[in-house]
Amino acid sequence: MSTGDTPVNSPEIRRLARVLEPGHNYASVTDKIASIVLTRPTSLGWLAGFGVSFTILMVLMISIAWLITKGVGIWGINVPVGWGFAIVNFVWWIGIGHAGTLISAILFLLNQTWRTSINRFAEAMTLFAVACAGIFPLLHTGRPWMAYYMFPYPSTMGLWPQFRSPLIWDVFAVSTYGTVSLLFWFVGLIPDLATLRDRATNKAAQIIYGMLAMGWRGSARHWHRYQSAYLLLAGLATPLVLSVHSVISFDFSIAIVPGWHTTIFPPYFVAGAIYSGFAMVLTIAIPLRKAYDLEDFITMRHLENMAKVMLATGLIVAYGYFLEFFMSLYSGNKFDVFLVQQRLHGPYSPYYYALILCNILTPQLLWIQKVRTNVAALFVMSLIINVGMWLERFVIVVISLTRDFMPSAWGRYQPTFWDWSTFIGTLGLFTSLLFLFVRGLPAISIAEMRELVAHSEENK
Amino acid sequence: MNLPHPDLYGLLGEFDSPDELMEAAERVRKAGYRRIDAFAPFPVEGLSQALGLGRKHNLVPLLTLAGGLGGGLTGFFFQLWANTSSYPMNIAGRPLNSWPAFIPVTFELTVLGASLFAVFGMLALNKLPQPHHPLFNVERFKRASNDKFFLCIEAHDPNFHLENTARFLQSINAQHVTEVRDED
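Residue numbers (the working numbering), protein chains in the order written: chain A, 5 to 464; chain B, 44 to 227.
Bear in mind the hints are in silico, worked out from the structure with no lab data behind them. Hints are supplied without guarantee of correctness; some may be wrong.
[To be verified] Derived coverage of chain A by chain B (criterion: at least 3 residues anywhere in the stretch with Cβ under 8 Å from a Cβ of chain B; other residues may be distant): (1) 28 to 38; (2) 177 to 188.
[Unchecked claim] In silico EDC-like links for lysine to aspartate or glutamate, alpha-carbon gap of 16 Å or less: (3) A:36 <-> B:190; (4) A:36 <-> A:297; (5) B:185 <-> A:35.
Beta carbons: idealized from backbone N, C-alpha and C, even for Gly.
Modelling step: build the complete structure from the supplied sequences, incorporating the hints.
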């Protein structure tokens, strides 16, 4: 079937449609992915990258130590703006994690083969993002060593957590999300750990991978149960990922603060989370495939599909912004109308315009296929979207809190050095973990790649 | 059990592709062997059926359901008990049993319980972790996690006969038919 001057079967289209470059067999897929972990020497680039990340991680450690010494007063939070950077960063990081679950669970249920080579590191990204996110509310409590108060344990005070509060829902949602993401990731890793165990030549690696693989030997009986557990986990993770960001949006939407109290929040938060998450997957995937020559596995098709998901979720986010705007004006509620004016003309309006530029205008370029298939452009765009999504949370938290009902309660918010150092420090934690992950575990699921090879042989 | 060698675990045959393995599995079953297992570096569709494993061999879904129900019911009734019985607090006359507010935690605990049961149930049913297994004594079996497919007829099978079974495996195109021994 060809339609005029753009035949569907043209080599260009076929190249773009591939999820795996031709010429691979089971052994070559295994060799290529396992060699990154087992045989390749540690490159200077890895050492430099890890060194920089680790240094930034130390900035986080110092910031936390100083915070615990002095208290949350070292941050810029004040009386109208009690939430500040801690909550902005928390929501941002959790959102980033969501793409990993979407790729591993929802695309798995939808039988999308293009998820195969990106799901492993996207899930790792989820875990590390949740780790970074979890730090913020913990520190924000002011006394992180008392954080166990949030769990329902039989205390001598006879008290229970306030189960009607979205903040407690958050505790349950985020800890469940972290646990399930870890389980999902680990279950996916078991067969690959067995591969590493069988291929490792040094004793320490054999023992470590051997223990982690738990004696996996690829028995048909085992695979049978394994597959059903994996499918069930995917089915469970799908509503979970939607619920987590919905619950986080409840932190805002259940409050009566203008700009927060809207029913659009749950879907719009979930879409925003996936949007920023895919941007982060691209930010990681593009250098990763370059550094380890994985262009055969993470093909143009993957990058283009991710770009399309970003475009789609970006449009949902844009619809959310529009609806927020429209409902505020349509409701005629003077506080809501005032908030819209504040976003457009208030002291923080530059942030709002920057947000519109990053999140709504820039991604419109993704309509053009040349942009979607241009690696450099995608990389830059993914960074812009990450910044944009961070600005979105900043706008939501800060503008609403500085301009609530009474002018006497209005205020300003200025992040301090320690706000920035904690935030940037978590970026160091995130990238340090990613560097260690890429070096120590297979960044692409080897077992699933073999399955992909088997399927592409069938189709021949 | 009357075994030719007390430490013999079984005979292992090697295959090159999932299709060959499937065919071999069907023929081994037709020949009357029951204590058999196949090993592949990735899940092969239909292989467990070819080996004669029915639905009842998979309790994972049922365990997952139990975990989910357990988690959800515990979550809901715990909140109900904490708010209405253990520490009831009258706040402006609002109902103590404000069940809609308990749903998010109930939901999260449902998912948590189901996931934990799915994963740990799967591992337990597969008898993992199991660091030692006779198959690991076979050097070539390392490729079961790479690019080769294996079929093992266990020595416990009533039809097992060292020479005949080995010859049978060769007749169904198994390469490198090896004796698997459980030596220490």
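Report holds or violated for chain B covering the region 28 to 38 of chain A, Cβ cut-off 8 Å, minimum 3 residues.
As far as the region 28 to 38 of chain A goes, the hint holds, because 4 residues have Cβ atoms under 8 Å from chain B.
Take a quick look at whether residue 185 of chain B and residue 35 of chain A sit within 16 Å of each other, Cα to Cα.
holds, 14 Å
Agreement of residue 36 of chain A and residue 190 of chain B with the hint, judged by alpha carbon distance not exceeding 16 Å
holds, 13 Å
Holds or violated: are the alpha carbons of residue 36 of chain A and residue 297 of chain A at most 16 Å from each other?
Holds. Residue 36 of chain A to residue 297 of chain A sits at ~9 Å (cutoff 16 Å).
With a Cβ-Cβ cutoff of 8 Å, does the region 177 to 188 of chain A contain at least three residues near chain B?
holds (count 6)
Every hint from the earlier list agrees with this structure, and none is contradicted.
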